[in-house]
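J.: Sequence:
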Amino acid sequence: MFESLSAKFQGAFASLRSKGRIKSGDIEEIAAEIRAALLDSDVAVAVVDTFIAQLTERTNAVIEDLNKSTNPANAVFEIVNSLLIEILGGSARRIRLAKKPPTVILLTGLQGAGKTSLAGKLAKYLKDQGNTPLLIASDLQRPNAVTQLQVVGESIGVPVFAPEPGNGVGDPVKVAKNGLAFAQDKLHNIVIVDTAGRLGVDTELLKQAKLIKDAVEPDETLYVVDAMVGQDAVRTAQAFLEGVGFDAVVLTKLDGDARGGAALSITQVTGKPIMFAATGEKVTDFDLFHPDRMASRILGLGDIQTLAEQAKGAFDGDTAAKLESKFASGEDFTLEDFLAQLEAMKKMGSMTKLLGMLPGANSGAMKKQLEQFDEGELVKTQSIVQSMTPLERNDPKVLNGSRRARIAQGSGRQVSDVNSLVERFTQAQKVMKQMRSGKGGPQMPPGMPNFPQAPAAVRPANKKKSRSGNPAKRALES
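So that you can map any letter, position 93 of the sequence shown is 93 in full-length UniProt numbering, and since no number is skipped, the others follow by simple counting.
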């Protein structure tokens, strides 16, 4: 979502880094570039004005100290980073659990913001943490909203309280109250109430949401907003804040290609933090919103922390311990281990999305590579390994021509694909051995990847070396 903004920020700092000393004029120049970038991303004008004023004030106040540092441009970069974190809320905010269960969470927002899908994602997130959530279907207005919530609940193994069919039938306030009583009776420790929305803010919408809120007295009222809406999201958020009130914001559709101004505006305008963010259609595409990590991604520094957390969650403890033990003991990394890693990577979600968390992912060269990345290649690679026998996975040296032909046929691939996978895997094994021995590979120039050269062993063993026709040279070769 922030690709365009990130590229513009990086461009502005690239020009600043090309200068030695920084003068007031340079600060004004980069401030103007950042201002244009923020406005182009649909950030609210008032937020942009505050950001630029603070940036100018902070940098001019320490400009002499900046020029004493070895890299003044990086010092300005740090100021911009801290301001972005402030705009986004400062720190991650977690759900406040009730002293006496159940904790009641009320979802509000416009129709189309993704409240019902979000309810399922939130329930799955809380269930994975050991809670026993209950979903309450109080959106009785939107066609098939109750059915949708029931389907979502069933897919994640979370019960749904839905005594009314919806589609305009039933009293949403009564459903919410009865659902809360049901949760208390069945010992659910968290209740998530899905409410109706409208295509736009109106008196009826706000009145119904307020009545439900008064009836269940939620511990957390979350305003669900479509991050792709832009500045309209800020205006509707203000209307909900005044008409209903809410404690925090949840952003949906952060994986979209819109400009993302809502994420950079809503906290400053409403004074309420962003608590969660949904980054895709899967129920697992959901997590706590970390302002510092989002600022890092906008500035092109990636989000290694989130990437590491997702990797840790994808690998079960036994698999991770086994791989670590093998690496430490010097055992070879096998295709069986590789298959386990592929299956863990699939749990983590889209590889393009994961690679997008790496530093520099929005830069020209890497961005182009990510756009050309074929997610289907992982499936094809997995099918090749799955077509091997346990013996072949653990000892690729037995893979002769007939075995490779059988594997290619079984996986629906070409023999050349099998050959390519085995060759790359063999190279990876050798790299791991070099890493384990501490030797590393041959050193490349600064900034270049450190790839080991192909060893002579990959040459056909039966190929004889040609001998020189010069007797003197032939004697030296001997």
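Note that these hints are calculated values from the structure, not bench results.
It cannot be assumed that every hint is accurate.
Listed next, with one range per pair, are the computed distances between beta-carbon atoms [said to hold, decoys possible]:
hint, residue 1, residue 2, range
1, Val-201, Glu-29, 39 to 45 Å
2, Leu-241, Asn-67, 40 to 46 Å
3, Ala-92, Asp-395, 23 to 29 Å
4, Val-431, Lys-380, 20 to 26 Å
5, Gly-271, Ala-428, 35 to 41 Å
6, Pro-143, Glu-29, 20 to 26 Å
7, Ser-91, Gln-238, 43 to 49 Å
8, Val-201, Lys-380, 44 to 50 Å
9, Lys-68, Ser-91, 28 to 34 Å
10, Lys-380, Ala-239, 47 to 53 Å
11, Leu-391, Gly-412, 18 to 24 Å
12, Asp-232, Arg-94, 51 to 57 Å
13, Arg-235, Ala-92, 24 to 30 Å
14, Lys-430, Glu-78, 50 to 56 Å
Taking lysine-lysine and the DSSO-like style, the derived pairs with C-alpha atoms no more than 27 Å apart in a straight line are [stated by the list, open to error]:
hint, residue 1, residue 2
15, Lys-174, Lys-210
16, Lys-207, Lys-272
17, Lys-282, Lys-127
18, Lys-177, Lys-127
19, Lys-19, Lys-68
Idealized CB from N, CA, C, for every residue including glycine.
J.: State for each hint whether it applies.
T.: Okay, the hints, checked on the actual structure:
In this structure the supplied range 39 to 45 Å holds for Val-201 paired with Glu-29, their Cβ-Cβ distance being about 40 Å. Taking 40 to 46 Å as the suggested C-beta distance range, the pair Leu-241 and Asn-67 conforms, at roughly 44 Å. For the pair Ala-92 and Asp-395, the supplied restraint of 23 to 29 Å is violated, since their beta-carbon distance comes to about 47 Å. Judged by the Cβ atoms, the range 20 to 26 Å given for Val-431 and Lys-380 holds: they are separated by roughly 22 Å.
The given range of 35 to 41 Å is broken by Gly-271 and Ala-428, whose C-beta atoms sit roughly 51 Å from each other. Between Pro-143 and Glu-29 the beta carbon distance is about 53 Å. The supplied range of 20 to 26 Å is therefore violated. Look at Ser-91 against Gln-238: about 23 Å separates their beta carbons, and that is not inside 43 to 49 Å. Between Val-201 and Lys-380 the beta carbon distance is about 49 Å. The supplied range of 44 to 50 Å therefore holds.
A C-beta distance of roughly 31 Å is found between Lys-68 and Ser-91, which places it inside the suggested range of 28 to 34 Å. Taking the beta carbon of each, Lys-380 and Ala-239 are about 50 Å apart, inside 47 to 53 Å as hinted. Separated by about 22 Å at the C-beta atoms, Leu-391 and Gly-412 satisfy the suggested range of 18 to 24 Å. Hint check: Asp-232 to Arg-94, Cβ distance near 28 Å, so the stated range 51 to 57 Å is violated.
For the pair Arg-235 and Ala-92, the beta carbons lie near 26 Å from each other, so the given range of 24 to 30 Å is met. Judged by the Cβ atoms, the range 50 to 56 Å given for Lys-430 and Glu-78 is violated: they are separated by roughly 41 Å. Distance check on the hinted pair: Lys-174 and Lys-210 sit about 13 Å apart at the alpha-carbon level, within 27 Å; holds. At most 27 Å may separate the alpha-carbon atoms for a hinted pair to count; Lys-207 and Lys-272 meet this at roughly 21 Å.
With a C-alpha separation of about 16 Å, the suggested pairing of Lys-282 with Lys-127 holds against the 27 Å cut-off. Our distance criterion of 27 Å between C-alpha atoms is met by Lys-177 and Lys-127, whose separation comes to about 22 Å. Only pairs whose Cα atoms come within 27 Å are accepted, and Lys-19 paired with Lys-68 is accepted, the gap being roughly 14 Å.
Consistency note: the structure conflicts with the earlier hints numbered 3, 5, 6, 7, 12, 14.
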